[in-house]
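Residue numbers (the numbering used here), protein chains in the order written: chain A, 56 to 387; chain B, 56 to 387; chain C, 56 to 387.
Derived from the structure by calculation, the hints contain no laboratory data.
From a predicted model like this one, the values you see are computed outputs, not experimental measurements.
It is possible that some hints are incorrect.
To be clear about the criterion: a stretch of chain A counts as covered by chain B if any three or more of its residues have a C-beta under 8 Å from a C-beta of chain B, and this derived list gives those stretches [claimed, not checked]: (1) 89–96; (2) 331–343.
Straight line, CA to CA, 25 Å or less: simulated DMTMM-like cross-link-like pairs of lysine to aspartate or glutamate [claimed, not checked]: (3) K186/A with D356/C; (4) K301/B with D150/C; (5) K186/A with E314/C; (6) K186/B with E314/A; (7) K186/A with D354/C; (8) K186/C with E76/C.
So, partial list: chain B residues that the calculated Cβ filter (under 7 Å) puts toward chain C [to be verified]: (9) N64; (10) T73; (11) T95; (12) K96; (13) K97; (14) V98; (15) T115; (16) R116; (17) L123; (18) K126; (19) P340; (20) V364; (21) T365; (22) V368.
Yeah, the Cβ is synthetic: ideal placement off N, Cα and C, and Gly gets one too.
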Amino acid sequence: MANTTWTRNHVLSLSDFTPDEYNTVLQTAASFSEVLSRRTKKVPTLQGQVVANLFFESSTRTRSSFELAAKRLSADTLNFAAATSSLTKGETILDTAKTYLAMGTDMMVIRHKESGVPSAIAQEMDRLGVKVGVLNAGDGQHEHPSQGLLDLFTICTLLNPQEPRLELLAGKKIAIVGDILHSRVARSNIWSLTASGAEVHLAAPPTLLPKLFADYGIGTGKLFLHWQIEPALQNADFVMTLRLQKERMTSHLLPSLREYHQLFGITRDRLQLCQPNVKVLHPGPVNRGVEISSDLMDDPDFSLISQQVTSGVAVRMALLYLMGSGKAGNSL
Amino acid sequence: MANTTWTRNHVLSLSDFTPDEYNTVLQTAASFSEVLSRRTKKVPTLQGQVVANLFFESSTRTRSSFELAAKRLSADTLNFAAATSSLTKGETILDTAKTYLAMGTDMMVIRHKESGVPSAIAQEMDRLGVKVGVLNAGDGQHEHPSQGLLDLFTICTLLNPQEPRLELLAGKKIAIVGDILHSRVARSNIWSLTASGAEVHLAAPPTLLPKLFADYGIGTGKLFLHWQIEPALQNADFVMTLRLQKERMTSHLLPSLREYHQLFGITRDRLQLCQPNVKVLHPGPVNRGVEISSDLMDDPDFSLISQQVTSGVAVRMALLYLMGSGKAGNSL
Amino acid sequence: MANTTWTRNHVLSLSDFTPDEYNTVLQTAASFSEVLSRRTKKVPTLQGQVVANLFFESSTRTRSSFELAAKRLSADTLNFAAATSSLTKGETILDTAKTYLAMGTDMMVIRHKESGVPSAIAQEMDRLGVKVGVLNAGDGQHEHPSQGLLDLFTICTLLNPQEPRLELLAGKKIAIVGDILHSRVARSNIWSLTASGAEVHLAAPPTLLPKLFADYGIGTGKLFLHWQIEPALQNADFVMTLRLQKERMTSHLLPSLREYHQLFGITRDRLQLCQPNVKVLHPGPVNRGVEISSDLMDDPDFSLISQQVTSGVAVRMALLYLMGSGKAGNSL
């Protein structure tokens, strides 16, 4: 398993990922997908190392995916959930992280409702001169890089199962539809997809897609904003829908879920606008009948939603492996 | 370890268990009891497999028992608790189960306050054509099959420690006393005990034992209903008490816990009616002084309550082993 | 690893610890510190054994430390949190403990907000004649012995990294500052430090340091009480600060956090009173700027707070090893 190019201690954002780094993750994840198809889906790579899942914001799905990835690499895992934590006792987040460091944690997977928390912890680890890797598992409205990478892996694996590479996306048209304003998933995807050379089309009601998003595409010429869904779907190869938080309505950004579905929901009819073999992605959990019609979600000819979840474990194994092996000289 | 007769992918109910299946579980659990008496209580049977405990209704006791059973088979475990889950985010239960499937879960242990949820998930797994076993860990007022099997194992092991078999119960009189109407434990026990050829006597106040329960015994001639406790206890070999939910009083099904204890509580005096070597079971957690007098619960001459907990780990190891080995050709 | 002197089944309190026992823990923890510096920080000592963390009072920090200690000894762990437990269903605490016993638990780590609960459970285990070790992880305002031992280990290791021994503290002056009245940490530390032959000086406002604390030092001649901080700090070699519960103010024991910091907070200025190479300890979590000034907490020349957390894992491994090896004849 080649990882000669990997020098990154932390994975906090995709904004500065290089094509080499994307491809190293894709190839490493492909190797782990092979491991996961074996009868015994476990490798001893990270035996004796500790991965702490520090979830200051609750998430069953992402936490389980990281926990399983760590266990399949034979790491020990510690789970921290904010609800039962010292945070309620007045400890700062940096102090919590330093406590886990002092216990002997090798890698920290961090989710927080505030943007920037994983970066702040990573900076503190670097300042202290310790080799502890920090993985951003979602921070506020900033980024969710492992989700961006698993979406990329899902698409590239579909295009070339043996050799998924970033370059496979060049010239493809990808629509991202939904609550882009509040979505850390969308932000991470915009970085990876524009880096691949794909055309990225964002579509949302104006309240959920401010003009400033055009700035993400500066220099690439590959990012387009739409306040209707049709131009985004036109001839698209892939459609990424985003989860709609129901809280958005109470804050008057949306009139109703029903109206949202009528205007921006992904339906079989709307997919007629796309390429014939178009595929739909969603980071989950899905509000059936809101972001996507229920029958479409379950149709394996169109939906990649299950593959995304499966890719998640392989990609997270790859990230933990790359971050952990840099430190300890492990081999697969 | 013989399991030639086992073809069942899921364990959802005891209503259609065959005598061969009961005996396969009993014999396999007996083998695991032997493992649990070793110094190192672990076997590598399910190494690299993943058991997900999806507890949509909280339960420390049953969840710990399944978790320990899985760990002693060397499986990796994922714990899901409803309180911190995507359910609060609007995801359907089937979608949650499919997410765990896509992550690579091999077996799902499911508890839910609604009857039928584990069956619905099992049907969905079958529809998808995947070999994922579903184990009902208690659904509403429907069934709790692993509890029924561990009660059976506890009794049969007492009668013949080396070779616990269903047939040992033929002709025995077993009383089930308490809140039968709301008890999934009672329903599972009625299936297994009537299948064994035992005489099963249900006793409860009329509000907690509707006449329709007689239907469970149709064709067996072995099920009897009583609205007083005495005829049920008369010459009984085993007395199973059921947990009384305190909520039953607020819904006016019971006048008071004290009156319930006076009329249906198991006491040393009442046990005089039974066979001299009568034993008492309770699925736990116990309300001391309500379903059973406190001193009786702690008397090893009468109480099998601790043995039931111990049996629980062995029986759950047996179920996970049988369900997992059918898939992967594992051997003990 | 010599542990010829260890005969203790339970660790509930330091009040009756002998110098031999202190030194056995210190030496065993020193051996495990060496294990923790290896690349693979895991030993097979407790493989196949089960450590149940029964936290009736929530604590992320202590629970994670015990969990990691158990995992590094290759034990399986079960976590119990009161919030989701049968306690809400009316089960007694002893019955909960007996349930975990019946499942096959080898050691129980117990935290409870009431003093005496771990002792009550230990007595029950002894009464039942079972070899299950009980470890007090903090009970009410009684004791927190593993914290006392890790503090001792942290100090002794500083004085002699190769051979930490109790006797190294003879003649040292140690100040304990803060909410001594409510602190189980202070009580455990008073036992170990007076046993070592150190001079122990307690300092707190009168509402948080009643005169009866002098009784702890009866016969030792080494315990001193102060209602101002200065005499306690004068020439001190070590300063132990205690966490201040914010609830203390609402119960009118303190005027304000700010005033507390002005009178009893540890600051760079105040440390001028101490020995030049004085070190500061805190059991965490810290209220920065209350018990200790923020810059001091982060200054590795003065603060031992990180080392305390690291020591915690080694000391808890030592305790689990000593309690477990007595039973099963394990060797490291």
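- Please name the hints from earlier in the document that this structure breaks, with their numbers sorted from lowest to highest. 5, 6, 9, 10, 14
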